[in-house]
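Numbered according to my numbering, the sequence shown terminates at residue 442, and the numbering increases by one at each position without gaps.
In short, the hints are calculated from the structure, not lab data.
Heads up, a few of these hints could be off.
[What the hints assert, rightly or not] Each computed DMTMM-like pair below joins lysine to aspartate or glutamate, with the alpha-carbon atoms no more than 20 Å apart: (1) Lys220 / Asp235; (2) Lys247 / Asp364; (3) Lys368 / Asp424; (4) Lys389 / Asp364.
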Amino acid sequence: MKVSISLGGSLLTRSMDATSYRRYAEVLKRLHTAGHTVVVTCGGGRPARQYISIAKELDAPRELQDSLGILTTHVNALLLIAALGDAADPRVHRRADEVKRHIGERIIVGGGHKPGSSTDYRATIFAEAIDADLIINATDVPGVYDSNPKTNPDAKKLDTLTYGELERIIKTTTRQVPGEYGLFDLKAVRLAGRLGIPVVFVDGSDPEEIIRAVAGNHQGTTVR
219 MKVSISLGGS LLTRSMDATS YRRYAEVLKR LHTAGHTVVV TCGGGRPARQ YISIAKELDA
279 PRELQDSLGI LTTHVNALLL IAALGDAADP RVHRRADEVK RHIGERIIVG GGHKPGSSTD
339 YRATIFAEAI DADLIINATD VPGVYDSNPK TNPDAKKLDT LTYGELERII KTTTRQVPGE
399 YGLFDLKAVR LAGRLGIPVV FVDGSDPEEI IRAVAGNHQG TTVR
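Throw the hints in and build the complete structure from the sequences for me.
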């Protein structure tokens, strides 16, 4: 199976030590060893949001705020590459043509590309480049809910959704601003829908959920 993974920066930077990077690297290596083609795009997480917050206080323009977030995703990508060792291509990939050219024997790791474009969207662009069978969005939330579970204790998790249903939920529950793309980037949903690539949302706090997402027995939400 060819898989494009959007790996939330909140997962990688939760403990701010090598442990998190090693945990996700081990899961990715297992997928690779099992014969799957793997591209993973790293988010920025809390450090990105902190840098963006400082930039806002300094009255920095939106493009500069986005650039700070992008650079942070590259730091996370480099650390994940270090954890993957020889299993990974040593470059942080930003462009779809690069991914298409280098995909094959090693795991490809990417980060943000340009202002105004989230890592969710980048992961979906990469999915198109490799003709992926599946997109996995791994964050610190167990799936897609009918409202924001972090603010509404009565929010209900949804097992399956259409692309259109997901788009409507995103429009009513999240903000599309630098460092705060929330549940998923709207542009990424629309592109995945046009491509017809299923998107699985899982709680990546347990790295094994990524393995289960590929196997089809995860506890998250499937969008198709």
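- Query: Taking each numbered hint in turn, which are not upheld by the structure, reported in ascending numerical order?
  - Reply: Violated hints: 1, 2; rest satisfied.
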